[in-house]
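Trainee: Sequence:
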Amino acid sequence: MTGQADSPYAERPNRFPLPPLIFLGSLALGYGLNALAPLALPLPILFKAAGALALGAGLALILWASSALSRAGTAVLPHHAARRLVTAGPFAWSRNPIYLGEALIIAGFGGVEGAAAYLVAAAVFVLAMTHFAVLREEAHLAARFGPAWEAYAGRVRRWA
1 MTGQADSPYA ERPNRFPLPP LIFLGSLALG YGLNALAPLA LPLPILFKAA GALALGAGLA
61 LILWASSALS RAGTAVLPHH AARRLVTAGP FAWSRNPIYL GEALIIAGFG GVEGAAAYLV
121 AAAVFVLAMT HFAVLREEAH LAARFGPAWE AYAGRVRRWA
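First residue of the sequence shown: 1, per the UniProt record's numbering; consecutive thereafter.
Simulated from the structure, these hints should not be mistaken for lab results.
This structure is a prediction, so every number in the text was calculated from the model and none was measured.
Among the clues, some could well be false.
Unchecked claim - Taking CB as the label site, the calculated pair distances span:
{"id": "1", "residue 1": "Pro38", "residue 2": "Ala151", "range": "41 to 49 Å"}
{"id": "2", "residue 1": "Leu24", "residue 2": "Gly56", "range": "38 to 46 Å"}
{"id": "3", "residue 1": "Leu24", "residue 2": "Ala60", "range": "16 to 24 Å"}
Heads up, the beta-carbon is just placed ideally off N, CA and C, and yes, glycines get one too.
Turn these sequences into a full structure, and let the hints steer you where they fit.
Mentor: What follows is the structure in structure tokens.
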């Protein structure tokens, strides 16, 4: 292991798998906001088509990124230690393609349902995921992979 061995995240990024809970909570937030204060999106056919595309793209991105992690022999689950720094496939253009896929799915529900509340929920998801998961995962990767992580983070954006 290289990097900052004294980091509290050197062993693993989280003790509990927060990202799936943040994803499900954000979907529930979109549903709840839509039930309490529905705000329809304009141009329903356009948004339904865009939402369906976002749902499909989000799912495809999650599957592609999960496959890339598995093929590299490193953890897919967000509370396990990374064994390898994966920089190929979807990770060549986003440091968080699984979370980006989940954000697309949340926004996609908004389009398909014609409900602006899911777009708000997608924004909340990105903020919550960045604070509670991504920053910790980045500290973990910096502690484990040091200069290789720094070079990767310098050339690939966090989200897209």
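Trainee: Confirm or reject each hint.
Mentor: Verification of the supplied hints:
Proline 38 and alanine 151 have their C-beta atoms about 47 Å apart, which keeps the hinted 41 to 49 Å range intact. At about 20 Å, the CB distance of leucine 24 to glycine 56 disagrees with the hint of 38 to 46 Å. The hinted range of 16 to 24 Å is satisfied by leucine 24 and alanine 60, whose Cβ atoms lie roughly 20 Å apart.
Checked against the numbered hints above, the structure violates only hint 2.
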